[in-house]
Amino acid sequence: MRKKFVGFLLCAAMTATLLAGCGGGSDTKETDAPAAATEGDTKAAEDTKADEGTTAAEGDTQAAAPAASGELIKIGIINNDTSESGYRVANDRDLQRKFTEENGYDATFAYGKTNDEQVAAANKMIQDGVDYLAIAAANTSGWDKVLQDAKDQGIRVILYDRVIDADEEFYVASIVSDMAKEGETAANWLKDQKLESYNIIHLQGQMGSSAQVGRSEALVNMAQAEGWNIVTQQCADWNAETAQQIVQSVIDAGTDFNVIYAENDNMADGAVKALDKAGIKHGVGEKVVIMGFDCNTFALENVMNGTWNYDGQCNPYQADMIDEIIKNLENGVEPAEKVIYMEEVGFDQSNVTQEVIDKFGI
Amino acid sequence: MGTNKVSKSKEGSLLSRMTRNQMFIPLAALAALLLFNLILDPSSFAITMDENSAGNPVLSGFLINILDNGSELAILAIGMTLVTAASGGQDISVGAAIAISGSVLLRVLCGSNTRPETLQAPILVAFLVAFVVAMLFGAFNGVLVAVFRIQPMVATLILYTAGRSIASWVNNNELPIIGEPSFGYFGGFIPGIPVPTPIFIAILCLVAIWLVLKFTNLRLYTQSVGINENSAKLNGLNPTFIKILSFVILGACVGVAALIKVSRLATINYGVIAKDIEMDAILAVALGGNALSGGKFNMAASVVGAYVIQCLTTTLYKFKVPSTALPAYKAVVVILLVVLSSPVVRAKLSALAPQAKRKEAA
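These protein sequences, in sequence, are chains A and B. Counting from 1, one number per residue, gives the positions in the first sequence under the working numbering. Counting from 1, one number per residue, gives the positions in the second sequence under the working numbering.
There could be a bad hint or two in this list.
As the list claims (entries may be wrong) - Lysine-lysine pairs mimicking DSSO-like chemistry, simulated, CA-CA at most 30 Å apart:
id, chain 1, residue 1, chain 2, residue 2
1, A, K191, A, K74
2, A, K281, B, K214
3, A, K327, A, K338
4, A, K194, B, K320
5, B, K320, A, K287
6, A, K338, A, K194
7, A, K327, A, K359
8, A, K124, A, K151
9, A, K145, A, K124
10, B, K320, A, K191
11, A, K74, A, K359
12, A, K74, A, K338
13, B, K320, B, K348
14, A, K181, B, K320
15, A, K194, A, K181
Unchecked claim - Pairwise CB distance ranges (calculated):
id, chain 1, residue 1, chain 2, residue 2, range
16, A, K359, B, Q120, 35 to 45 Å
17, A, Q349, B, A208, 40 to 50 Å
18, A, T255, B, V125, 40 to 50 Å
19, B, A208, A, D165, 51 to 61 Å
Claimed, not checked - To list a few chain A residues with every Cβ distance to chain B over 10 Å, as calculated:
id, residue
20, G86
21, E226
22, W238
23, G306
Rather than coming from a laboratory, the hints here were simulated on the basis of the structure. Computed from a predicted model, the values in this text were never measured in an experiment. Glycine included, every Cβ here is placed at the ideal spot set by N, Cα and C.
From just these sequences and the hints, can you work out the full model?
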């Protein structure tokens, strides 16, 4: 009994610590990051949801198929679960908008939080004999068999949003965000502000995700080159609450800082809440420069009204490009490049307008 | 090993009586952490009066920070202690339940518009709805455990996995943002009162549970059911009811914690809100020296345990422990504390103390 109890305690402690921190492999649904490589952890309930999503979508397409003869292009679209983030919601909405019967598609959608779910959905789509397969993989590896099967059956695969560890021959094109470039754009913007001193609080996303890696590297490299001082570099796991606590601790410690570089909008928001609490002025022309990523609507509004300084775009709108590639392939034109980067810009008060917010806000 | 029992026993030195007291380990841990802070940074304990960006006077400082951010955990520790004592298991769904309850709260406040100009319902009404929803989910867990006799950790695993998805469905995957400043009072400051509101809410909850335990038979009944369900039944208690009641009380705690959490940021992020808080809450109970296998409990020790965890987290942020190493540091401290507060070690410790005393005498 006692032994069991101690074992239990230790288990609880270990689980807690495993789950608690940044290094932990906990499932982060908030990864606004496309191509997050480490995001493969399973959550059983998502299975049910994903399955439901699949069956519902399939029900629709089966009903629609007889009506619209062989003219439609059959495409299977595999995405991540929309509860992941605002980015994913915008991404899914964009795909749903584009791949409709009016646009000449017979589309089947499937959502999965893990590779297992996604691979199962992909296998089913291959069996159903789709013409194209569009995949935003939860995890970069484990797709070999699916890709081989698709190739054997002559199904063309297009990767979007996230990359897969696979030979280029297995896919037509991969349409992704260039995280490193997003970071560089932001770091260059910061350099152009020509602040008298640079004391930066760096709030990182889930460690190892491509968004974190790309956005962190750019800042760290620039800081080294320019002699900037990073006063705190902490992982807040894309989480606003954690970011708030970290910034609050820095303020309490009396450390001086004048830049907050948060790798997504939510963390920037949390940081701003901490500043507001301490009465520290932030935004355009104020003491602390606020930088965020992803272009959430609220973030762009904050940039427009000057309480934030910068917001980097992470473009979720790949549907048009996928459509273009497919239409070209139908006409026998292969895409010129295997890897196609999304066009992404950074916004500050000089280039953000209501139109920009309506167009790019997610 | 309740406090009153120890104080009654006349044998043993002051030291042995102290170490045998269940409050000793959590209080000693808290003292050690604070001492550590004091030595490394004597300014830790300075509490200053600042002005926040709304122009209101606010207290700030390391200690205020711990009390403020530890509020939710302390509130959850109350419910978790009762659930642990009555059912001999833990509820791992509290984080997900907070997401659901918070989502419901925002849904009622916002109506169908995610960015409302004015609140669609009074905050009190929204809170009460969310509060009842949280208790219903608590009852759901309770029924699974008490009626269907599912192991608590397995029963609550259902909500743990499904909860965050349910939360995002409640708001159609949208992320509502409340602009109304009065909604921020619950997680921030009420104008004119310099102490963070969550501290008041936590005190309110603690007083409430203290009164309940003092003036009702809840403690006796819960412990009886936890120690021996069958004999409790033979003595006319209804173990099923007591267990469900403990889960409903935890649900009530979840409802209050959810209010604080969503109020802090005036928004919600389903994937990460109150992430891993269930582990911290279980840890608080364990740190309080309560047997995780049920039975007797010490509420005050659990609550102190909750503040120990928050103190540890804040300390690690404060000393800028590198983000990748943070979980490891936390693990070391937690394992140390949990092992020290386990009944096995405490029994050994209290056995050592009188021996030392006798040797001295000889």
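Worksheet item: Checking against the hints above, which ones are violated?
Response: 1, 2, 6, 13, 16, 20 and 22
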